[in-house]
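Student: Given next are the chains, with one letter for each unit.
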Amino acid sequence: MPPKSKKINESEEDEQKLQAIVLTDSYQTRFMPLTSIKPRCLLPLANVPLIEYTLEFLAQSNHVSEVYLMCSSHAEQIQEYLDDSKWVSPSSPFKKLQTITSHESRSVGDAMRDIDARGIINGDFVLVSGDVVTNLDLGKVVKLHKLRKQQDRDYICTMVLKQASELHRSRSFIEPSCFILDKETNRCLYYQDIPPVDGAKSTVSIDPEVLDNVGEFTVKNDLIDCHVDICTPVVPTIFQENFDYQDLRTDWVKGVLTSDLLKKHIYAYITSHHYAARVESWQTYDGISQDVIERWSYPIVPERNMLSDQTYSYESPHVYKEHNIRLSQSSKLQSRVVIGADTFVGDGTSISGSVIGRGCHIGHDVTIENSYIWNGAVIGDGCIVRHSIVAAGAVVKSNAMLNSGSVIGFGVVIDKDVVVPNETKIVKTPIKTLQDSAMFMSSSEDEDSEDEDEVNHAVAKKNDVDGNPLDSSEVRDANVVGANGVGFLYEEEEDDEETNKGYSGIMYQMAQLNVSDVSVASTTVGAHHHGSKRKKRTYSTNSMYISGDEDGEEEEEEEEEDFHKEALATVERAMENNHDIDTALLELNTLRMSMNVTYHEVRLSTSTALVERVDHFIATDTLGVKDAVDKVFGQWSALFKRQVFEDSDQIDLLLIVQKLCCHLNESYRSMVFLFVLMQLYDAEVVEEDNVYLWWNDKESNTEEMRVVRDKAEKWIEWLQQAESDSEEDSEEDDE
Amino acid sequence: MSSASHVAAQKLDILVDTFISKLKRRQITGSYKIATETCQFLMRVISTSRWSTPQEFIQLIRKVGQRIQEAQPREFVTGNVVRRVLAIIRDEVNGTGDSLNNANVNNGAPSAPVDTSMFQLLSTVNTSSSTNLAIKENTRGQNDLRSVVIQGIRELSDEISSVNENIEAMTVDLIHENEVLLTPTPGSGTVLNFLLKASLKRKFTVLVTESYPNDIEECHLFAKKLAEANIETVIIPDSTVFAVMSRVGKVLIGARSVFANGGCVSNAGVAAVCECAKEHRTPVFAVAGLYKFSPTYPFDKDSLIEVGNSGKVMPFEDSDLVGKCEVTNPVFDYVIPEHIDIYITNMYVYFFLFINLFFQFIST
Numbered sequence: 001m002p003p004k005s006k007k008i009n010e011s012e013e014d015e016q017k018l019q020a021i022v023l024t025d026s027y028q029t030r031f032m033p034l035t036s037i038k039p040r041c042l043l044p045l046a047n048v049p050l051i052e053y054t055l056e057f058l059a060q061s062n063h064v065s066e067v068y069l070m071c072s073s074h075a076e077q078i079q080e081y082l083d084d085s086k087w088v089s090p091s092s093p094f095k096k097l098q099t100i101t102s103h104e105s106r107s108v109g110d111a112m113r114d115i116d117a118r119g120i121i122n123g124d125f126v127l128v129s130g131d132v133v134t135n136l137d138l139g140k141v142v143k144l145h146k147l148r149k150q151q152d153r154d155y156i157c158t159m160v161l162k163q164a165s166e167l168h169r170s171r172s173f174i175e176p177s178c179f180i181l182d183k184e185t186n187r188c189l190y191y192q193d194i195p196p197v198d199g200a201k202s203t204v205s206i207d208p209e210v211l212d213n214v215g216e217f218t219v220k221n222d223l224i225d226c227h228v229d230i231c232t233p234v235v236p237t238i239f240q241e242n243f244d245y246q247d248l249r250t251d252w253v254k255g256v257l258t259s260d261l262l263k264k265h266i267y268a269y270i271t272s273h274h275y276a277a278r279v280e281s282w283q284t285y286d287g288i289s290q291d292v293i294e295r296w297s298y299p300i301v302p303e304r305n306m307l308s309d310q311t312y313s314y315e316s317p318h319v320y321k322e323h324n325i326r327l328s329q330s331s332k333l334q335s336r337v338v339i340g341a342d343t344f345v346g347d348g349t350s351i352s353g354s355v356i357g358r359g360c361h362i363g364h365d366v367t368i369e370n371s372y373i374w375n376g377a378v379i380g381d382g383c384i385v386r387h388s389i390v391a392a393g394a395v396v397k398s399n400a401m402l403n404s405g406s407v408i409g410f411g412v413v414i415d416k417d418v419v420v421p422n423e424t425k426i427v428k429t430p431i432k433t434l435q436d437s438a439m440f441m442s443s444s445e446d447e448d449s450e451d452e453d454e455v456n457h458a459v460a461k462k463n464d465v466d467g468n469p470l471d472s473s474e475v476r477d478a479n480v481v482g483a484n485g486v487g488f489l490y491e492e493e494e495d496d497e498e499t500n501k502g503y504s505g506i507m508y509q510m511a512q513l514n515v516s517d518v519s520v521a522s523t524t525v526g527a528h529h530h531g532s533k534r535k536k537r538t539y540s541t542n543s544m545y546i547s548g549d550e551d552g553e554e555e556e557e558e559e560e561e562d563f564h565k566e567a568l569a570t571v572e573r574a575m576e577n578n579h580d581i582d583t584a585l586l587e588l589n590t591l592r593m594s595m596n597v598t599y600h601e602v603r604l605s606t607s608t609a610l611v612e613r614v615d616h617f618i619a620t621d622t623l624g625v626k627d628a629v630d631k632v633f634g635q636w637s638a639l640f641k642r643q644v645f646e647d648s649d650q651i652d653l654l655l656i657v658q659k660l661c662c663h664l665n666e667s668y669r670s671m672v673f674l675f676v677l678m679q680l681y682d683a684e685v686v687e688e689d690n691v692y693l694w695w696n697d698k699e700s701n702t703e704e705m706r707v708v709r710d711k712a713e714k715w716i717e718w719l720q721q722a723e724s725d726s727e728e729d730s731e732e733d734d735e
Numbered sequence: 001m002s003s004a005s006h007v008a009a010q011k012l013d014i015l016v017d018t019f020i021s022k023l024k025r026r027q028i029t030g031s032y033k034i035a036t037e038t039c040q041f042l043m044r045v046i047s048t049s050r051w052s053t054p055q056e057f058i059q060l061i062r063k064v065g066q067r068i069q070e071a072q073p074r075e076f077v078t079g080n081v082v083r084r085v086l087a088i089i090r091d092e093v094n095g096t097g098d099s100l101n102n103a104n105v106n107n108g109a110p111s112a113p114v115d116t117s118m119f120q121l122l123s124t125v126n127t128s129s130s131t132n133l134a135i136k137e138n139t140r141g142q143n144d145l146r147s148v149v150i151q152g153i154r155e156l157s158d159e160i161s162s163v164n165e166n167i168e169a170m171t172v173d174l175i176h177e178n179e180v181l182l183t184p185t186p187g188s189g190t191v192l193n194f195l196l197k198a199s200l201k202r203k204f205t206v207l208v209t210e211s212y213p214n215d216i217e218e219c220h221l222f223a224k225k226l227a228e229a230n231i232e233t234v235i236i237p238d239s240t241v242f243a244v245m246s247r248v249g250k251v252l253i254g255a256r257s258v259f260a261n262g263g264c265v266s267n268a269g270v271a272a273v274c275e276c277a278k279e280h281r282t283p284v285f286a287v288a289g290l291y292k293f294s295p296t297y298p299f300d301k302d303s304l305i306e307v308g309n310s311g312k313v314m315p316f317e318d319s320d321l322v323g324k325c326e327v328t329n330p331v332f333d334y335v336i337p338e339h340i341d342i343y344i345t346n347m348y349v350y351f352f353l354f355i356n357l358f359f360q361f362i363s364t
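Taken in order, these protein sequences are the chains called A and B.
In this text, residue positions in the first sequence follow the numbering used here: the first is 1, and each later residue adds one.
In this text, residue positions in the second sequence follow the numbering used here: the first is 1, and each later residue adds one.
Honestly, the hints are just simulated from the structure, not real lab data.
There could be a bad hint or two in this list.
[To be verified] Now the stretches of chain A that chain B is said to cover, found in silico as 3 or more residues with beta-carbon under 8 Å: (1) 85–95; (2) 298–304; (3) 314–324; (4) 480–488.
[What the hints assert, rightly or not] Straight-line alpha carbon distances no greater than 27 Å define the calculated DSS-like cross-link-like pairs of lysine-lysine that follow: (5) B:K22 / A:K96; (6) B:K301 / A:K140; (7) A:K86 / B:K324; (8) B:K224 / B:K250; (9) A:K263 / A:K143; (10) B:K33 / A:K332; (11) A:K143 / B:K24; (12) B:K33 / A:K140; (13) A:K263 / A:K631; (14) B:K63 / B:K33; (15) A:K149 / A:K96; (16) A:K149 / A:K254; (17) B:K24 / A:K140; (18) A:K95 / B:K11; (19) B:K324 / A:K220; (20) A:K263 / A:K332; (21) B:K324 / A:K140; (22) A:K332 / B:K301; (23) A:K183 / B:K312; (24) B:K33 / A:K86; (25) B:K250 / A:K96; (26) B:K312 / A:K86; (27) B:K197 / B:K225; (28) B:K201 / A:K86; (29) B:K225 / B:K201; (30) B:K24 / A:K86; (31) A:K332 / A:K254; (32) A:K146 / A:K38; (33) B:K22 / A:K143; (34) A:K220 / A:K146; (35) A:K220 / B:K312; (36) B:K22 / A:K17; (37) B:K312 / B:K24; (38) B:K312 / A:K143.
Every residue gets a Cβ at the ideal spot worked out from N, C-alpha and C, and that includes glycine.
The following block holds chain A by itself, in its conformation from the complex (with noise of 0.2 Å):
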């Protein structure tokens, strides 16, 4: 008996434990060009790199035990920075922390799969991006997932929400959503992306149907999601069945709610006293740096010293030093400053909110506001710095001026008395192409050659922002960085006319960097070919669709592939399984909708299987030509009555089926297209005229379909005959 009692406590003990999946990669490219050197989720924040954060929470309550990190791209950084923190040591709170590399995820969808695919997930887990900043408790969430776990059988996913307002500066500008939310349960009905905050006016369209059964719902667009989702072990194997979700929000969750096949139910917890942010754009990095200065995420603030070795003190007003900073007697820390370790601060120099890392040097006279000055930064005297960023190792010399959202990227650097325009990117050596840096590891070598090249024209090129097309993306200019800087300027995509529109959040315009976010988990898919075409990418507002279209093509046809492999195993597990028919047309129709295929693929793709079955089914001598057809058209020829509707339609049908008979073994081949069309024709599938139609249809009559015709026609005559006769029937009737 007691070895029994002890397995029951240890068993409860697991039970409360969760399991953890950090997502470090965003699959986004929002960061470029500083996201080329150094993953998101190891940028700093306060000077402290982004995944402590999202560590620090999960370690804060007591309920993780083991946490999975997703790296994709610089998975070996990221290994690397884990294998130096406290979090391996043993006196770390979590029972295992383990990083898993899938370099071929290109988006979460990806990485869920991946994760289903290595069987870890043993129960509930907490399902976080590498970039959250939260002081959450989240024994509160788990414990309302317990118990909406209990309550609901459909229950499968509780989001984290965090109140906010709709143009709050922690709040995404450029994918703020809309959830639509049960009053009372706070069960999220429905979830709409809705275009960036510049954007036109945008509609929210419900389909009245997910309001069934429901009392009062909210439609909430103020809210910050940071993703931060505490999941029952059915995720992941949803995002296995459905092969197509890659975003987490806007696949997943408007996917599992609108699907009338899956029925389950994802929750909101919706916080007002917590904080809880995500870093996933330059207007947030803003806001939610300015957020732990000013300790609205307190306890998580500077002086907290996540990093063992960090000795932050706090003064008022929001100023944070660590030890060892020279300050000089005239500099002034105004307020909201951070400085870290071994930095010098010249004469005269007066910093307001703004971050300085470790051992950074600030000469005479410098102005900073509201900047983030990484480790290692040298900034001449008598610089201006104001709402930018200057990454580790980087050098601003005397006089020179960074005007608003400019980002100067690792090591480069500033000659004197530049003015760096805003909205500017300079990186020290060019950046191949988005995806190729997104990628990381895919860039090909002669488009590395066909870069250099293009660099050694040297051409001081200036953007043209009216739509023109450059030849590259990059330019080596003397104007940017001056005559003995070191950098090229970075160019993104798309730029917007927006810029001076007068948001306060800065550096928002920087957040738009490229495609829309749903469209970079698709076309990273192909980009490996299309790399060089689209750094061409048109040059205006509106390109993001537009230019896709050379590419469009590619895509498609590769998803009618797997479309059709998708569709072809649909009815073969319908068939084997016996589900019934309106199981497999609903599947078949959620696939098409998905896939975005005309009926012609879904009616070729439901021949193809049903023929191959009855092909099946004769060659292995299990059942006669007559039989087998019966037996499987008899029952499943139901299926094109959803899939035909037209005339055209019906003949498109006999082509196909006539097609794909050609393909059968020569002795029954025609045998089993005769029996087909009789089943086809009985089961009111196709109409007498059509048969005519089609019979006489030259597509139908060519050199290869014709061996199936022979049997076909004498049917055809009976057919005729048939109606002749009734047709005089019907006249001796009528006379």
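With chain A's structure known, arrange chain B on it following the hints.
Tutor: This is chain B only, laid out in the frame that chain A set:
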């Protein structure tokens, strides 16, 4: 042997790191809880640590003490407990360690008289490595020392947990019948127990300040508990303190930590209340367990005061204001010594002017 000591060192590291991260994550809060947890922690440290001389032992504890204090520099209780424990160790070493002193003399090292004064507990004593003889002598006594010190800590822990009872014993002498008391520190358990105990013998009214924004929930809870004990309780807005002060007989505050000059750190808003009390010549009583008395001197007020969540002052949702105005939410207040008339501790009641004498007293 070396591998065993290595394992022990590693164990110690884990112990210390875990405690530090607990402090940093604020999984332990409240001075009482921190004090008892620190005692537990030090006991575990002492039982896992290995050392060859008492000096080494003291060094080790000091080092650990320093680290845990840095983890949460505004919680002075950790430092106080560590000092008390060091005092216990030094007492033991001093009492039994004749051989040790001899060894030091033989070495020609400055035979520092082991000083248990709290002011000197943390001062550096340079000890040269002792001779083999001393080590031999001491290894015999090592286990004894260990168990004696652990016993000492246990006593200290008992003392801390019985603080409230001891303070309560003095209630009858300090509170009069039908008196009006004002307390601006509803979060203090000591104050609550003090009043509850007093209500058994006396009838009085308690005014509780609202303590917006940080302690408002505690305030309601506090008032509820008092009301349940049939004490007449009134919650007043923080702004009306001056207006009601003329009717108040005594102000009762719970101190978070008391410093060498007689000043103390308490909840935000207390300093203003004490200022009002001074204006009306109303006596201010501060209650604090002995473990809250710290020998440090409050030179830099900034370093004493914790600044809390800005979100409690103003809703974060208000995007028109967030980022456009500066919000500071201090959680603590420093009360200058002149504003406190009497300290009520678990051992004695002190007038603030004698607090220096008192410090000397408890440190001998």
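Student: Now tell me if each hint is right for this structure.
Tutor: A quick look at each hint next to the structure:
1. 85–95: holds (count 5)
2. 298–304: With 3 residues close enough to chain B, the hint holds.
3. 314–324: Our answer is that it holds, as 5 residues pass the Cβ test (under 8 Å) against chain B, meeting three.
4. 480–488: That given contact is violated, which follows from only 0 residues of the segment 480–488 of chain A lying within Cβ reach (below 8 Å) of chain B.
5. B:K22 / A:K96: Answer holds: K22 of chain B to K96 of chain A is near 19 Å, not above 27 Å.
6. B:K301 / A:K140: violated, 36 Å
7. A:K86 / B:K324: violated, 37 Å
8. B:K224 / B:K250: Judged against 27 Å, a Cα distance of about 21 Å means the pair holds.
9. A:K263 / A:K143: holds, 23 Å
10. B:K33 / A:K332: Measuring from Cα to Cα gives roughly 40 Å; hence the hint is violated.
11. A:K143 / B:K24: Holds, because 24 Å separates the two Cα atoms, which is no more than 27 Å.
12. B:K33 / A:K140: holds, 22 Å
13. A:K263 / A:K631: Violated. K263 of chain A to K631 of chain A sits at ~32 Å, over the 27 Å cutoff.
14. B:K63 / B:K33: Given that 27 Å is the threshold and the Cα spacing comes to 22 Å, the pair holds.
15. A:K149 / A:K96: holds, 26 Å
16. A:K149 / A:K254: Holds - the C-alpha atoms of K254 of chain A and K149 of chain A are around 20 Å apart, at most 27 Å.
17. B:K24 / A:K140: The given pair, whose Cα atoms are some 20 Å apart, holds under the 27 Å limit.
18. A:K95 / B:K11: Holds - the C-alpha atoms of K11 of chain B and K95 of chain A are around 16 Å apart, at most 27 Å.
19. B:K324 / A:K220: Given pair K324 of chain B, K220 of chain A holds - Cα atoms ~25 Å apart, limit 27 Å.
20. A:K263 / A:K332: Given pair K263 of chain A, K332 of chain A is violated - Cα atoms ~60 Å apart, limit 27 Å.
21. B:K324 / A:K140: violated, 32 Å
22. A:K332 / B:K301: The given pair, whose Cα atoms are some 21 Å apart, holds under the 27 Å limit.
23. A:K183 / B:K312: With Cα atoms ~26 Å apart, K183 of chain A and K312 of chain B stay inside 27 Å; holds.
24. B:K33 / A:K86: Holds, at about 26 Å.
25. B:K250 / A:K96: Given that 27 Å is the threshold and the Cα spacing comes to 56 Å, the pair is violated.
26. B:K312 / A:K86: violated, 32 Å
27. B:K197 / B:K225: The hint holds at about 12 Å.
28. B:K201 / A:K86: violated, 55 Å
29. B:K225 / B:K201: Given pair K225 of chain B, K201 of chain B holds - Cα atoms ~17 Å apart, limit 27 Å.
30. B:K24 / A:K86: Holds, at about 14 Å.
31. A:K332 / A:K254: violated, 50 Å
32. A:K146 / A:K38: violated, 38 Å
33. B:K22 / A:K143: Given pair K22 of chain B, K143 of chain A holds - Cα atoms ~22 Å apart, limit 27 Å.
34. A:K220 / A:K146: holds, 25 Å
35. A:K220 / B:K312: OK: K220 of chain A and K312 of chain B at ~23 Å, within 27 Å.
36. B:K22 / A:K17: Given pair K22 of chain B, K17 of chain A holds - Cα atoms ~18 Å apart, limit 27 Å.
37. B:K312 / B:K24: Given pair K312 of chain B, K24 of chain B holds - Cα atoms ~21 Å apart, limit 27 Å.
38. B:K312 / A:K143: Holds. K312 of chain B to K143 of chain A sits at ~24 Å (cutoff 27 Å).
Checked against the numbered hints above, the structure violates hints 4, 6, 7, 10, 13, 20, 21, 25, 26, 28, 31, 32; every other hint is satisfied.
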